[in-house]
Structures are given as C-alpha cells and as structure tokens.
Amino acid sequence: MAAVVGHFNLWNITSKQALQDAWLRLENVKPLSATSSVVSMVMAPMIMLGNVLILLAVWKDPLKKLRSSPSNVILVSMALADLSVGLVVCPLTAYWGWVIFDKGISPFDLSVIFAINAFSVNVSFGHMFLLTVDRLLAVVKPLQYRVIITNKRAVIASCVCWIYFLAFGCSFLILRDYLALMAAVDTVQLLSILLSMLIMYTVIMFRFHRYSKSRINEPIYSQNNLTFILKRERRLFKAITIVICAFLICYMPAFIVQMFIYLCKPCHPNLALLMIFFGFSTCLTYANSGLNPILYSWRLPKYRETFKYLLKNRACKCTGQNT
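In UniProt numbering, the protein residues as written are 1 to 323.
Derived by calculation from the structure, the hints in this document are not laboratory data. Some hints here could point you the wrong way.
[Claimed, not checked] Below 27 Å or equal to it, Euclidean Cα-Cα: the simulated DSS-like pairs (lysine-lysine) are: (1) K103 with K141; (2) K64 with K308; (3) K231 with K302; (4) K312 with K152; (5) K213 with K152; (6) K238 with K65; (7) K152 with K231; (8) K231 with K213; (9) K141 with K308; (10) K141 with K213; (11) K141 with K65; (12) K64 with K312; (13) K308 with K213; (14) K302 with K64; (15) K65 with K213; (16) K238 with K141; (17) K231 with K141; (18) K302 with K238; (19) K103 with K30; (20) K65 with K308; (21) K65 with K312; (22) K152 with K60; (23) K60 with K308; (24) K65 with K302; (25) K312 with K60; (26) K238 with K308; (27) K312 with K302; (28) K60 with K231; (29) K141 with K152.
[Claimed, not checked] Label pairs and their calculated CB-CB ranges: (30) L55 with C264: 37 to 45 Å; (31) I148 with K64: 22 to 30 Å; (32) L56 with V88: 42 to 50 Å; (33) M252 with P91: 24 to 32 Å; (34) L55 with I249: 40 to 48 Å; (35) V188 with L87: 24 to 32 Å.
Small disclaimer: the values here were computed from a predicted structure and weren't measured. The C-beta atom is built at its ideal place from N, Cα and C for all residues, glycine as well.
Please build the complete structure, drawing on both the sequences and the hints.
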C-alpha cells in the first residue's frame, strides 16, 4: 500500500504507516468508514443465520444422515469458520469503521484487522479447497475413495487448515513492520488456491463428461437411463458453475484491486478510488461466508431433508402450544 502514497520502500511499510497514509488521510475516509461499518453490521446476522442452521442440523441430526461421511466433517468445520466471520470479523470491522467515522482515529492497529481476516476468512477459503479435493477424489478414484478419504483424515486435514491459518494470521501481528509484504504473500497464497480449485473443478467436469459419454455409447442402456445420465451431468455442471461464479465474484475483485496497488504504478495517484474498491472487495470476501451454506450444504438432499424435518417438527410444536 505504501506505493500508492509515494513511499519508496514498499515492502518495509509498517501497519501504522499504512493506516495513516493509505486510509486516514483520505478526504472521504469518514463516509467510507461509515459505509464499511453499516455493510458489515448488515452482513453479520445473515452470515451467522445460515451457518448456525448448519451446525444445529448436524448437532440434532434427527434423521441420522449428517455425521457419517468425511465431507460432513469438512462442512461442519467450514461452517464454524464462516460463523467466526459473522461473529468476530464483521462486528470488529463495523466497530473499526464506526470509530473512525465518529472520532477520525483508528481504535486499534491495522495489523489486527489483517490478522483476523487472514485467519477467519482464509480458514473458510481453505475448507473450500478441501471440499474440492474431496469431490475430485470421489470422481477420479471412486473405488478407492472410501479408503483414501476417512473421517480421521478429514478431521486431520481440517485441523491442519485451522492451525496453518491461525499461525499465518499471527504472523501479521508479529511482522507488522512488513504489512505490505505479508499482504502480498496472502494474496499470492489465496490466488494459488483459487487457481488450483478452478483446475480441479475443470478436471471433475471433464472426467464426469467422459464417464457419461462412455455410458451413453453402451447399447445395454435404455433411453430412460441415458436421459437420467444426461440430466445428472447437467445438474453437476450447473452446480459447479454456480460455485465457481460465486467464489470468483467474492474473491477476484480483492485480488484485482491488490494487484493494482502493488503492480500498477500509474494507478497510484488515484488513492481514493483504490481504497473504495479495496473496502468494497473486502466486504465481498465476507459475503462468501454467507453463501457457503447455500452452495455447499443446503443443496445436498440430506441437508434439505434434515432442515425440512426440523422446521416441520418446530411448526408442529408451535401449533400444539397454540392450541
């Protein structure tokens, strides 16, 4: 960020310098901070609601369908990570923006915001990567899948994800004198994960299309079976397309803005515009935590059945109490 204000030693800028030079000196810092605060406050309950429902469904599990598979272990862990975004990251961002709007000063060091984001938001992103690996192995190695992916390994993978990003988040506090360097490392790291996920989704669609094509060419299959295979392929393609579009919309703006900050020198005089886009793109990464329950859990039949059962059971209890 230092480059946008003419600081020559970009990689040695401290979090205090970044806060003072790249944010608090903006002419429109107060309305921008207030907008960030309001958006974060609105997003917090929406993020918490969806993920609390996921955790409640798994905890109750009335139909005994949500605790048996490794993918559910990852989904629950991701719901916890997304819930932390709604419980911690959004309220903290709202408080930070409101204090700047009210008093014109920051309540705490900028490295705190970066550290918490690098932990909570990135843990959620890491679990999206784990789910993609899980789906890839299910398609590429269907016979060995249950041997390779076990509940124990899913728990270990989720714990490693939590520990790694916790350590990475703490590094922002330890290396606060190199904030821009750490932010650049974080961007490259997430961009690498994103590209890996895109490649894996492409492989999944290609392998499933090849499998469907081989089944269609077999004369033993009836017309109904062929229609079912084609419909399943279309559903898979639609689901993957929605997931890809969602996380591209949520994360690519942040990557693009940071690339402009670090690499586009002619863009540096437009500091105010860059910071507006930076704040907006950061809020979009929070929004992904609210979309994950819809993209990864609610679309699964076993989760929908559990939600319907819980809602129906609750409605019956309320009706019985009223009567």
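We went through each hint and held it up to the structure:
| no. | hint | verdict |
| --- | --- | --- |
| 1 | K103 with K141 | 58 Å, violated |
| 2 | K64 with K308 | 14 Å, holds |
| 3 | K231 with K302 | 20 Å, holds |
| 4 | K312 with K152 | 33 Å, violated |
| 5 | K213 with K152 | 35 Å, violated |
| 6 | K238 with K65 | 25 Å, holds |
| 7 | K152 with K231 | 34 Å, violated |
| 8 | K231 with K213 | 13 Å, holds |
| 9 | K141 with K308 | 33 Å, violated |
| 10 | K141 with K213 | 18 Å, holds |
| 11 | K141 with K65 | 23 Å, holds |
| 12 | K64 with K312 | 17 Å, holds |
| 13 | K308 with K213 | 36 Å, violated |
| 14 | K302 with K64 | 10 Å, holds |
| 15 | K65 with K213 | 32 Å, violated |
| 16 | K238 with K141 | 22 Å, holds |
| 17 | K231 with K141 | 22 Å, holds |
| 18 | K302 with K238 | 19 Å, holds |
| 19 | K103 with K30 | 9 Å, holds |
| 20 | K65 with K308 | 13 Å, holds |
| 21 | K65 with K312 | 17 Å, holds |
| 22 | K152 with K60 | 21 Å, holds |
| 23 | K60 with K308 | 13 Å, holds |
| 24 | K65 with K302 | 6 Å, holds |
| 25 | K312 with K60 | 14 Å, holds |
| 26 | K238 with K308 | 24 Å, holds |
| 27 | K312 with K302 | 15 Å, holds |
| 28 | K60 with K231 | 33 Å, violated |
| 29 | K141 with K152 | 19 Å, holds |
| 30 | L55 with C264: 37 to 45 Å | 42 Å, holds |
| 31 | I148 with K64: 22 to 30 Å | 25 Å, holds |
| 32 | L56 with V88: 42 to 50 Å | 19 Å, violated |
| 33 | M252 with P91: 24 to 32 Å | 26 Å, holds |
| 34 | L55 with I249: 40 to 48 Å | 25 Å, violated |
| 35 | V188 with L87: 24 to 32 Å | 28 Å, holds |
In terms of the numbered hints stated before, the structure departs from hints 1, 4, 5, 7, 9, 13, 15, 28, 32 and 34, listed from lowest to highest.
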